[in-house]
Amino acid sequence: MSDGLSRRSFLKLAATASAAAAIPGCEPAARKLIPYVVPDENIVPGEPTFFATTCSECSAGCGIVARVMEGRVIKLEGNPADPISGGAICARGQAALQGLYNPDRLAKPMRRKPDGSLAAISWDEANREFNDKLAAAGKAGTGRVAFVGASMGPTLDAITLAWAKAFGSDRVGFWEAFSDEPARKAAEACFGKRDLPIYRLDQAETIISFDADFLGTWNSPVEFGRQFASFRAPKQRNGKLSIGNYAYVGPRMNTSAAKADEWVAANPGSEGAIAMAVLNVVVNQGWIAPNSGIDVSAVKAFVADYDPEKISAQTGVPAQTIQRIAAWFGQATEGAVALAGADDPLAHSAAYLLNAVTGNLGKTMVFLAETPPEANSRPEQIKAVIDAMRDGQVDVLVIAGGNPAYSMPPTYAFRDAVKRVGMVVWMGDAPDESAELANLLLPAHHPLESWRDTAPRAGIYGLGQPVMQPVFASRAVHDMLIESAHLAAGSAGQAIPFENAADAISASWSQLQGKIGASGTPKEFWDNARRTGGVFTEAKPAAVNVVSTVWKQKSQLPPVPAGLMLWAFPHAFLYDGRGANKSWLQETPEPVSQIVWDSWAEIHPDTASQLGIEANYEQTRLFAGLHVIEISTPNGPVELSVNISRLVRPGVIAVPFGQGHTAYGRYAKGIGVNPFAFLPEGLRSIAVSAKKTDKTHKLVTPLGKSDMMGRAIIESMSVEDLARGIEPQYGEEPIDQPYEMYPPIAYPGHKWGMTVDVNSCNGCSACVVACYAENNIQVVGKDNVNLGRIMSWIRVERYIPSLEEAGRGPLLQIAPVMCQQCDHAPCEPVCPVFASSHTREGLNAQIYNRCIGTRFCENNCPYKVRRFNWYDPEFPEPLNLQLNPDVTVRGAGVMEKCTFCIQRITSAEINARTENRAVMDGEIVPACAQACPARAITFGDINDPKSAMMKRRDDNKGRTYTMLPGYNALPAVTYLRDLYQEKGKA
Amino acid sequence: MVNRTLITLAVLLFVIGVYTVAVSERPWAPRSDVEQPIPFSHRIHAGVNKIPCQYCHEYARRSANAGVPPVERCVGCHGSGLLGGIKPVTQPWTDDKQPPFEIRWNRVYTLPDFVRFVHKPHIWAGVQCQECHGPVETMDRIVPVKEINMGFCVNCHEQRGATQECFVCHH
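One line per chain: the protein sequences are A and B, in this order.
Position in the first sequence counted from 1, then plus 39, gives you the numbering used here.
Position in the second sequence counted from 1, then plus 34, gives you the numbering used here.
Next up, chain A with everything else stripped away, as it sits in the complex:
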């Protein structure tokens, strides 16, 4: 439909089979057919090939599967064989594709000229310069070469260390902005084991999270999403139907807190004290596990300072609340688990000890034997490297990943230290703030283009393999390091026995086979690992006990906060800023605030009125914030637009991490504020003062009103009512009798439908980004979102219940909304050209080439799921290479909408027909259902009562509802109501 980025131009590029060379389009697209010279017998042009690899977007180490069409990866899915991802993938993982095909990736090696501008140089020249400078530094003495960057897996990290050693240096720092240092420190203090436990939330009856955003950004969100859905599913516990008890302690309601029974709005820094108070109650009530071997009197002395009443006075959290959640925890017969993600070290210790004293150590929280070594360097190691740089002891610094110039605390003074280094070499994909400091910029492979391995925990060995040829003329970081050691470090460098990174990976995997005693020939082992994405074994738990010395440690009570606190939190999608150059992640609304393309200051209405801002943006329905406040920070004042919301503790200014880039490409640059720039080391909060300014800056949201107005959009019911069989009443006008003008439509074959469990959905928005990737949906940018032109086919809708409602029911109402594929679709009869039509399998088809853009259908859709193309889409090269060739790229003037992934349906139907069988249940999985970590979405055939989708409806009778039933649109999507516990009982 639109030239230049069509399916055809994709195929044309693909058909060349010469992946590195992009052909400029100077002739009509696809007028050439260029066959393989020698075909790969495993590749059928037009059919996808799948490669198992690992995700590198965070340290969780999920296994993923890349869907590759003619040499281009077009979609990432979870790897079902991997016990961490379990076949699901989060929003950030999906968006790795936009890192790979980022239009701002460095295409050629660059050298910085004296005037600061960059000049492209050849690889030969770049390698020569790199090696010469390294050789000189190696000869000049020990420790004159340094590396600061992200950990890239055990094997490659070992090479980095060997490389530095070859040049006589041990100055290597593996930097991660959100490090696990507090958790490891606390584990060492409590259990004498500097290690991270794994959690089994699904085996708990109570969860208390001390600001661990485990469904969004903490630890392993995909795995926790799955476990939490299982924990929260109604099941018989202690003889009654229960959804478990869950409390969240933290300053802001994030998606994790939204699902809680109790959100304890704590001040930043007070989570530890509250955790200790909970421990106090647990201990004093005698809820210590009988055979835990804990010295009760020592524990009592340890927590004596943390009487709930006293802590209540200190933190402003009611003592009854502390007692209530402590009772949930202590009285849980089927296991309980406390998690800690706050920057407060005390919170981590207290959470570990809570698990230990209640006998949950080894059950819901397990330390594994033979855990892999720590990936990240300790802060003191990093600081030592930077100090050496500052003292002029380093001649060559290599920065690869981690973007230290952006994410290091100001006390490290990384930028100043870099100025004293003779030669700064940056290796990476999209040039970021750290690249701005470099003299030599070398384009490095994206993780999806390179070999690596991961060791997220004991027993799991992930193998990352390249899933396609490099998009640009880049090289693997460790190929460059190995080569430079061989060429420039003399005999010490020759000691690295590998030719390149791929060699190193395969060598360490042949060692692994011996270590784990796997059967088969080395080749079988290696081939199998490449096929399944690694080796996944069951690790043995380690015998761990509380060290008695921990009870003697004294901690200080948190100060009573006097003024405003700025508290920064990891953005659900941008995380520590690495997601900011991916337009899908910028455009997907942050699930709770629903703000896109911005950073903001989230403040409570009370705080707002203290600052003299009396605005009710709810009434405008147009934006999420307007008034700018000036916040004083140690790094000078910053200005942020306020988002006034009850979902943050009064007195706290919540600001997301992730924005405020001064480089890092067109999508990231020049948006918002970077809190790393002024936060102290290891802390996410700081006392500030703020004042109102006269400036305005619009915070944009695609959401209209945050109030359901009593309508049946996202329904919820209490688990007690579910047990009693009472259905909730919503303010929809009941239909006396179905009003039918025509006989019902017959669906002789399949009739596709969906069941969506709102209780499982935690708003992580993996479905939204998956849909962008699968269906070639265009990103429209902030201004167009403000005009209501966001194109996402599925959205995570969130409503904020009134205080009175929240006191009774769920704290936040979140559910995915896609096209409901109605039987009586209001969109269909209004289309003058039958572009919107009904299929025999129950779908509301949208035929793009018929559509003339009247937008009548959009107006008539009660679910507001139809999207109009106001402009031709733009996919700046090479982002166009990601486009799914099975889906039309829609041009301007055309309406589009969710199709239930019709391309996957027809493909499965064609396969079934050619194999002379019926389509099997589960054979068709739309992109949203496939991505969902919580497995909230099930797709299937309504005409087949045995399908998993229909069974899910049957198994949850009493919970099913359809959205806005008053329209009698008869949607094919059935929702299962969100569940809550009746309040006012322990």
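These aren't lab readings, by the way, just hints derived from the structure by calculation.
Just so it is clear, the structure is predicted and the values come from calculations on it, not from any experiment.
Treat the hints with care, as some may be off.
Sample of chain A residues at the chain B side, in silico, Cβ under 10 Å [as the list claims (entries may be wrong)]:
hint, residue
1, I73
2, V76
3, P78
4, P84
5, F914
6, V926
7, R929
8, G930
9, E948
Keeping only pairs whose Cα atoms sit at most 16 Å apart, straight-line, the calculated EDC-like set for lysine to aspartate or glutamate is [to be verified]:
hint, chain 1, residue 1, chain 2, residue 2
10, A, K554, A, E409
11, A, K71, B, E69
12, A, K903, A, E935
13, A, K224, A, E413
14, A, K734, A, E669
15, A, K1022, A, E759
16, A, K71, B, E136
17, A, K71, B, E199
18, A, K591, A, D334
Just so it is clear, CB atoms sit at the ideal spot from N, CA and C, and this is done for glycine as well.
For this one, chain A is given, so just place chain B on it according to the hints.
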């Protein structure tokens, strides 16, 4: 007077419309003027030597694309000394910029981007290649016999009782 203006305007618009349709390039229409870089003859291969279509277009039954035979497939027969070796096969005829071993065929049949055509189900339903592509086995140079437009597709679907759902091809 008003009528006359209107009629003139209408006639003018009609003429412009007809002209636009007449001269507009429909990039997806099959083209009969396409010359190939090498003098490959379907008549000799499929007609005289009776090589089955899918021996070379091997993906037709497995994929959306029928596939153009890889050069290796040509060499499979032509590679022996008896038949003259590889050189004549990939010797460029009309295109002297062609890299060695790479045949840059010119496309005869294309479809617009909003149509998703998949060869696979058609082959499995027993549709002969000739039903759409004409008597290829008689052609030295491929020229389209039929214009592949929606009417053509729908006619056949109607006769064979195949699906007439818009959504199956247009998505």
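Do the hints match the structure? See the list:
no., hint, result
1, I73, "holds (5 Å)"
2, V76, "holds (5 Å)"
3, P78, "holds (4 Å)"
4, P84, "holds (5 Å)"
5, F914, "violated (14 Å)"
6, V926, "holds (7 Å)"
7, R929, "holds (9 Å)"
8, G930, "holds (9 Å)"
9, E948, "holds (9 Å)"
10, A:K554 - A:E409, "holds (12 Å)"
11, A:K71 - B:E69, "holds (11 Å)"
12, A:K903 - A:E935, "holds (12 Å)"
13, A:K224 - A:E413, "holds (12 Å)"
14, A:K734 - A:E669, "holds (10 Å)"
15, A:K1022 - A:E759, "holds (11 Å)"
16, A:K71 - B:E136, "holds (12 Å)"
17, A:K71 - B:E199, "violated (31 Å)"
18, A:K591 - A:D334, "holds (12 Å)"
The structure does not agree with the numbered hints 5, 17 stated previously, though it agrees with the rest.
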